[in-house]
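Protein chains in written order, with this note's numbering: chain A, 1 to 568; chain B, 569 to 675.
Please keep in mind that the hints were generated in silico from the structure rather than gathered at the bench. All figures in this text were calculated on a predicted structure; none of them were measured in a lab. Treat the hints with caution; some may be incorrect.
[As the list claims (entries may be wrong)] With a straight-line cut-off of 25 Å between C-alpha atoms, the simulated DMTMM-like cross-links for lysine to aspartate or glutamate are:
1) K181/A - E626/B
2) K447/A - E527/A
3) K181/A - E141/A
4) K435/A - D590/B
5) K64/A - E611/B
6) K440/A - D419/A
7) K474/A - E228/A
8) K181/A - D613/B
9) K618/B - D232/A
10) K602/B - E180/A
11) K474/A - E441/A
12) K630/B - D232/A
13) K605/B - E141/A
14) K327/A - E141/A
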Amino acid sequence: MGPSRGRRYSLLLLMLAGFGVILFRLVTLQVLQAAELTARADRQHQKSVTLEGARGTVTDRHGKVLAMNVEVPSIFGVPTSLDNPANAARFLSPVLHIRREEIEKKLRQDKHFVWLARKVEPEQGHRLEQLSIDGIGMVMEGRRFYPKGPLLAHVLGFVGMDGVGLEGLERRYEAQLHGEKRMTILQRDALGRTVFPKGLREQVPAAGHALTLTIDEVIQYIAEKELEEAVDHSRAKSGTIIVLEPQSGAILAMAVSPRFDPNAVAALTADRWRNRALTDTYEPGSTMKVVVAAAALEERTMMPGSMLFGENGRMTIANTTIHDHEKLGWMTFSQMIQKSSNIGAAKTGMLLGEQRLYRYLQAFGFGQRTDVDLPGEVAGLLKSPREWGRRSLASISMGQEVGVTPLQMVSAVAAIANDGVLMKPYVVAGVRDQKGQLAKETIPQVKRRVVSSVTARTLTTILEGVVTDGTGTKAAIPGFRVAGKTGTAQKVDPRTGAYSSALSIGSFVGFVPADSPRLAMIVVIDEPQGEAWGGVVAAPVFRRVGEQVLTYLGVSRDDQVKIAMVAP
Amino acid sequence: MKSVAIIVGVCLVFFFVWERVDIVRLGYHIERLKAQKVLLERERDQLQVKVSALMAPERIAKVATDKLGMVPPQQGQVLIVQPRQAPTVPLEQVRIARTVSMGRGER
Chain A
1 MGPSRGRRYS LLLLMLAGFG VILFRLVTLQ VLQAAELTAR ADRQHQKSVT LEGARGTVTD
61 RHGKVLAMNV EVPSIFGVPT SLDNPANAAR FLSPVLHIRR EEIEKKLRQD KHFVWLARKV
121 EPEQGHRLEQ LSIDGIGMVM EGRRFYPKGP LLAHVLGFVG MDGVGLEGLE RRYEAQLHGE
181 KRMTILQRDA LGRTVFPKGL REQVPAAGHA LTLTIDEVIQ YIAEKELEEA VDHSRAKSGT
241 IIVLEPQSGA ILAMAVSPRF DPNAVAALTA DRWRNRALTD TYEPGSTMKV VVAAAALEER
301 TMMPGSMLFG ENGRMTIANT TIHDHEKLGW MTFSQMIQKS SNIGAAKTGM LLGEQRLYRY
361 LQAFGFGQRT DVDLPGEVAG LLKSPREWGR RSLASISMGQ EVGVTPLQMV SAVAAIANDG
421 VLMKPYVVAG VRDQKGQLAK ETIPQVKRRV VSSVTARTLT TILEGVVTDG TGTKAAIPGF
481 RVAGKTGTAQ KVDPRTGAYS SALSIGSFVG FVPADSPRLA MIVVIDEPQG EAWGGVVAAP
541 VFRRVGEQVL TYLGVSRDDQ VKIAMVAP
Chain B
569 MKSVAIIVGV CLVFFFVWER VDIVRLGYHI ERLKAQKVLL ERERDQLQVK VSALMAPERI
629 AKVATDKLGM VPPQQGQVLI VQPRQAPTVP LEQVRIARTV SMGRGER
């Protein structure tokens with residue numbers, strides 16, 4: 001009995017000890033190390049990924065796509081997993097269009113990860129999948145496409161390799177365009193496959209907002225085509241055209257030559273993608289006479305019939321001589337504008353006086369940004385009268401000693417077309433969220449009234465005379481009343497610091513139809529070779545663009561037969 | 569009573585196991601569909617880029633002029649048609665106007 005009982009106790013103790021060990025281990029695992037072990041298990045069967053919503057699209061006013069994101073493959077290598085880098089490079093080279101030696105050099109690095117080619121064409125990704133090379137992988141990344149190529153490139157700008165806007169609208173509206181970034185936790189099985197999101201609460205990150213522009217891609221195309229032809233024909237350095245709606249300030253087209261393709265900017269310099277329409281200033285020359293004339297008419301220092309003497313083409317002011325392009329005698333104020341007399345403009349400015357002229361220049365928006373919704377805009381140069389010299393009043397009246405951007409100039413003339421009211425120019429008409437709901441709409445914004453309605457109408461009549469009988473006859477569009485002004489400005493030679501006889505800027509700014517304006521437009525041709533008069537190099541471009549755009553918009557000519565569709 | 573309780577208990581256990589298995593199965597199915605959706609969206613976006621590129625005014629103008637021999641309309645060849653409720657021009661005059669205008673364009 002005794003030994004048997006003793007063995008039972010021994011067995012019981014042994015079992016208790018065994019259970020004690022198990023219990024201790026259980027408490028250790030389930031209680032003491034619970035947090036650490038749970039975290040370790042989670043790391044094994046969960047994976048966290050950062051998802052990013054697609055960048056918003058950019059469309060023109062009719063919904064035509066100008067910029068959008070598409071997911072494309074990016075190719076990487078894992079050098080430490082490669083047995084034969086030379087062999088891998090031999091297969092990859094013809095697919096990626098990269099030199100074999102270059103790929104091999106990357107694959108021989110002592111790294112766990114190297115990019116071989118980022119954001120390549122989808123077709124290259126398919127070919128690579130078929131090759132199935134160990135140690136070579138592929139991830140999808142969003143790539144920005146500009147399907148219309150160079151069209152509107154200076155306004156759209158472009159994004160960098162990381163998808164962040166670097167220039168143009170892409171930069172200005174980065175906050176609205178970029179997609180939401182969100183981290184999501186996914187469950188994975190023993191093979192690493194995703195099972196379902198933890199807690200089934202995965203939410204797709206929101207795509208960026210879409211921009212609808214005021215730009216019309218057809219008008220933009222017409223402007224770019226005609227500008228390219230004009231710049232080529234006159235062998236000019238560059239050119240700019242801006243077309244806007246005078247009543248709203250909405251920009252319909254903004255063309256800059258030479259153009260560039262935002263799909264391939266890597267090899268280009270900033271000089272190529274700079275939006276000269278608002279980053280470059282120039283001395284406007286005679287187009288500034290529009291503002292001087294508006295001020296004189298508003299202040300009643302001049303009437304259309306007021307007589308001025310042209311001094312037979314030469315006048316001395318502050319020991320310098322002002323010339324006209326022809327010997328002019330007595331003329332009316334209207335004729336002075338039509339013939340673009342510098343001497344007449346100088347006399348008009350002197351009658352106004354420094355303070356009044358300066359006040360009107362400021363009111364028309366010179367020397368300050370227009371606040372257009374594009375980056376890089378400059379304020380131009382307008383010195384205060386305290387800094388003016390003895391000749392400044394005369395010089396500024398004929399468009400010298402003042403630096404303006406093409407956008408400032410066309411906005412100022414659009415104010416005349418808009419019955420004397422200056423509008424704020426803008427490019428983005430609306431911002432829509434990913435569901436297509438309007439998140440923000442741009443309401444045309446009045447900046448100020450610059451002249452009375454009567455002055456605007458009187459000046460319009462005078463500016464019509466520029467096109468019918470003056471220096472701008474080549475801007476005339478058959479069947480339409482055109483109002484505008486030519487400008488030819490000598491440029492300062494950077495080597496001598498004096499006005500150059502060879503370098504100049506020819507421009508034309510105006511609006512059409514004069515009696516009910518639909519378009520205000522400026523054409524600026526920088527450094528044309530040969531004849532550089534604004535009336536010769538820029539006015540014909542105004543005509544060609546205006547004629548095509550008015551036809552496209554369905555604006556009927558004065559002499560056109562109108563047909564009414566009648567319901568049967 | 570006891571046996572019924574055991575049967576119900578066993579059924580509940582089977583139901584619980586079936587539910588877990590089905591959740592995993594549906595999870596895989598959802599992932600397959602999601603992957604398919606991503607591929608289709610990608611293809612849609614690529615096609616949209618192609619369509620937009622093909623509809624570029626520059627390309628259309630080139631095809632119209634170079635391939636089809638089209639030219640921009642000349643003065644008098646464009647008629648502005650405005651929808652109206654009531655007739656503003658008698659039909660006869662419309663016919664005459666069109667004839668005159670076409671004739672002008674052909675010259």
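A quick look at each hint next to the structure:
1. Note on K181/A and E626/B: the hinted pairing is violated, with a Cα-Cα distance of about 37 Å set against a maximum of 25 Å.
2. Distance restraint check for K447/A and E527/A: the Cα-Cα separation of roughly 33 Å exceeds the 25 Å cut-off, and the hinted pair is therefore not satisfied.
3. Only pairs whose Cα atoms come within 25 Å are accepted, and K181/A paired with E141/A is accepted, the gap being roughly 14 Å.
4. Restraint check for K435/A and D590/B: not satisfied, since their Cα atoms lie roughly 33 Å apart, outside the 25 Å limit.
5. A distance of roughly 19 Å separates the Cα atoms of K64/A and E611/B; the hinted pair therefore holds under the 25 Å criterion.
6. This hinted pair does not check out: K440/A and D419/A have alpha carbons roughly 28 Å apart, beyond 25 Å.
7. Restraint check for K474/A and E228/A: satisfied, since their Cα atoms lie roughly 18 Å apart, inside the 25 Å limit.
8. For a cut-off of 25 Å, the pair hint linking K181/A to D613/B stands: about 20 Å separates their Cα positions.
9. With a C-alpha separation of about 30 Å, the suggested pair K618/B and D232/A falls outside the 25 Å cut-off, and the hint is violated.
10. Note on K602/B and E180/A: the hinted pairing holds, with a Cα-Cα distance of about 19 Å set against a maximum of 25 Å.
11. Distance hint between K474/A and E441/A is unfulfilled; the C-alpha atoms sit about 39 Å from each other, more than 25 Å.
12. For the hint linking K630/B to D232/A, the alpha-carbon distance of about 18 Å falls within 25 Å, and the restraint holds.
13. The straight-line distance between the Cα atoms of K605/B and E141/A is roughly 16 Å, inside the 25 Å bound, and the hint therefore holds.
14. Only pairs whose Cα atoms come within 25 Å are accepted, and K327/A paired with E141/A is rejected, the gap being roughly 67 Å.
Hint compliance for this structure: hints 1, 2, 4, 6, 9, 11, 14 are not met, and every other hint is.
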